[in-house]
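A.B. asks: If you read the protein sequences in the order shown, they are chains A and B.
So for the first sequence, my numbering puts the first residue at 1; every next one is plus one.
So for the second sequence, my numbering puts the first residue at 1; every next one is plus one.
Just so you know, not all the hints are guaranteed correct.
Label pairs and their computed distance ranges (CB to CB) [said to hold, decoys possible]:
1) B/E60 - A/D19: 48 to 58 Å
2) A/G84 - B/S114: 43 to 53 Å
3) A/R102 - B/L110: 45 to 55 Å
Partial chain B-side listing against chain A, Cβ under 7 Å, derived [to be verified]:
4) P4
5) T6
6) P7
7) L9
8) F43
9) V44
10) G47
11) C49
12) L50
13) E51
14) S76
15) A77
16) P78
17) H85
18) L145
If the Cβ cut is set under 7 Å, some of the chain A residues that face chain B in the computed set are [what the hints assert, rightly or not]:
19) P4
20) T6
21) L8
22) F43
23) V44
24) V46
25) C49
26) L50
27) E51
28) L68
29) C74
30) A77
31) H85
32) V87
33) A89
It should be emphasised that the hints constitute simulated quantities derived from the structure, not laboratory data.
All C-beta atoms in this analysis are idealised placements derived from N, C-alpha and C, irrespective of residue type, glycine included.
There are 2 protein chains.
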Amino acid sequence: MTMPVTPLLAADIIIEMVDRPERPIVLIERNNPPFGWALPGGFVDVGECLEQAAVREALEETSLRVTLTTLLGCYSAPQRDPRGHTVSAVYVAEARGEPQARDDAKHAALFTLSTWPAPLAFDHATILEDYRQFRHSGRLAPLRLPG
Amino acid sequence: MTMPVTPLLAADIIIEMVDRPERPIVLIERNNPPFGWALPGGFVDVGECLEQAAVREALEETSLRVTLTTLLGCYSAPQRDPRGHTVSAVYVAEARGEPQARDDAKHAALFTLSTWPAPLAFDHATILEDYRQFRHSGRLAPLRLPG
Chain A
1 MTMPVTPLLA ADIIIEMVDR PERPIVLIER NNPPFGWALP GGFVDVGECL
51 EQAAVREALE ETSLRVTLTT LLGCYSAPQR DPRGHTVSAV YVAEARGEPQ
101 ARDDAKHAAL FTLSTWPAPL AFDHATILED YRQFRHSGRL APLRLPG
Chain B
1 MTMPVTPLLA ADIIIEMVDR PERPIVLIER NNPPFGWALP GGFVDVGECL
51 EQAAVREALE ETSLRVTLTT LLGCYSAPQR DPRGHTVSAV YVAEARGEPQ
101 ARDDAKHAAL FTLSTWPAPL AFDHATILED YRQFRHSGRL APLRLPG
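Based on the provided sequences and hints, a complete structural model is requested.
C.D. replies: This is the structure in structure tokens:
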């Protein structure tokens, strides 16, 4: 059969630093376009599962070994990534220690729920708003149908 | 930039017939390889979000207009689809009426939690076991890391 063309696939990770007060999360400042602050994450390789991709990307960009806890949701709006239609599975994860920016990340820094940096790349402002709700209520990301 | 190659992306749907006793679900018998019974679903088009793909595929294969209720989980093991590495977002949905097989589906039939048909294509036995747990406990699909 002819294989179809489908959107690109990425995994992004909301890393909670569980050894700090208020359990801050890690954001990175991107080295490549689109610039701005963003969740650590990246494209999934053929041959690795989503969970592996999330753990690998977290390590590559923040030097942290994370333990995934929850699938917050999937984000798939066609315009969310200016490079082309990319669907992201977003995981919540736990880590301890000191993040150090590497690879695609220029800086890594910790932020609490009340202080996101700006601008945030992609649709990460939406994702972080969903995460804020999740922290408050335990509710996962809502399903979204356009129109 | 050079765009990466990532796994293919699909959406599958567990359609609960909410107008019937025991809320049975719809499975289809596939017209194309891999043969066997399976959840309705298919590849996501570039330019449509996952939720749209799930609603579209449900309609195309079962003639049912579904309302999505929950993202059960993402299934991404590299060997789960013999046609090549395909990641599936699996939604639970509700519908009323009479399913009628169309498109990629040879037959559509209703099954309760106690009676899956065999063989099931892809990793749909795993997905349906997760769904059985979800029906019992409300717990979503577990995260899975190999090894």
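A.B. asks: So, for every hint listed, does it hold in this structure?
C.D. replies: Here is how each hint holds up against the structure:
no.: 1; hint: B/E60 - A/D19: 48 to 58 Å; in the structure: holds, 49 Å
no.: 2; hint: A/G84 - B/S114: 43 to 53 Å; in the structure: holds, 44 Å
no.: 3; hint: A/R102 - B/L110: 45 to 55 Å; in the structure: holds, 52 Å
no.: 4; hint: P4; in the structure: holds, 4 Å
no.: 5; hint: T6; in the structure: holds, 4 Å
no.: 6; hint: P7; in the structure: holds, 6 Å
no.: 7; hint: L9; in the structure: holds, 4 Å
no.: 8; hint: F43; in the structure: holds, 4 Å
no.: 9; hint: V44; in the structure: holds, 5 Å
no.: 10; hint: G47; in the structure: holds, 5 Å
no.: 11; hint: C49; in the structure: holds, 4 Å
no.: 12; hint: L50; in the structure: holds, 4 Å
no.: 13; hint: E51; in the structure: holds, 5 Å
no.: 14; hint: S76; in the structure: holds, 4 Å
no.: 15; hint: A77; in the structure: holds, 6 Å
no.: 16; hint: P78; in the structure: holds, 5 Å
no.: 17; hint: H85; in the structure: holds, 5 Å
no.: 18; hint: L145; in the structure: holds, 5 Å
no.: 19; hint: P4; in the structure: holds, 4 Å
no.: 20; hint: T6; in the structure: holds, 4 Å
no.: 21; hint: L8; in the structure: holds, 5 Å
no.: 22; hint: F43; in the structure: holds, 4 Å
no.: 23; hint: V44; in the structure: holds, 5 Å
no.: 24; hint: V46; in the structure: holds, 5 Å
no.: 25; hint: C49; in the structure: holds, 4 Å
no.: 26; hint: L50; in the structure: holds, 4 Å
no.: 27; hint: E51; in the structure: holds, 5 Å
no.: 28; hint: L68; in the structure: holds, 5 Å
no.: 29; hint: C74; in the structure: holds, 5 Å
no.: 30; hint: A77; in the structure: holds, 6 Å
no.: 31; hint: H85; in the structure: holds, 5 Å
no.: 32; hint: V87; in the structure: holds, 6 Å
no.: 33; hint: A89; in the structure: holds, 5 Å
Taken one by one, the earlier hints all hold for this structure without exception.
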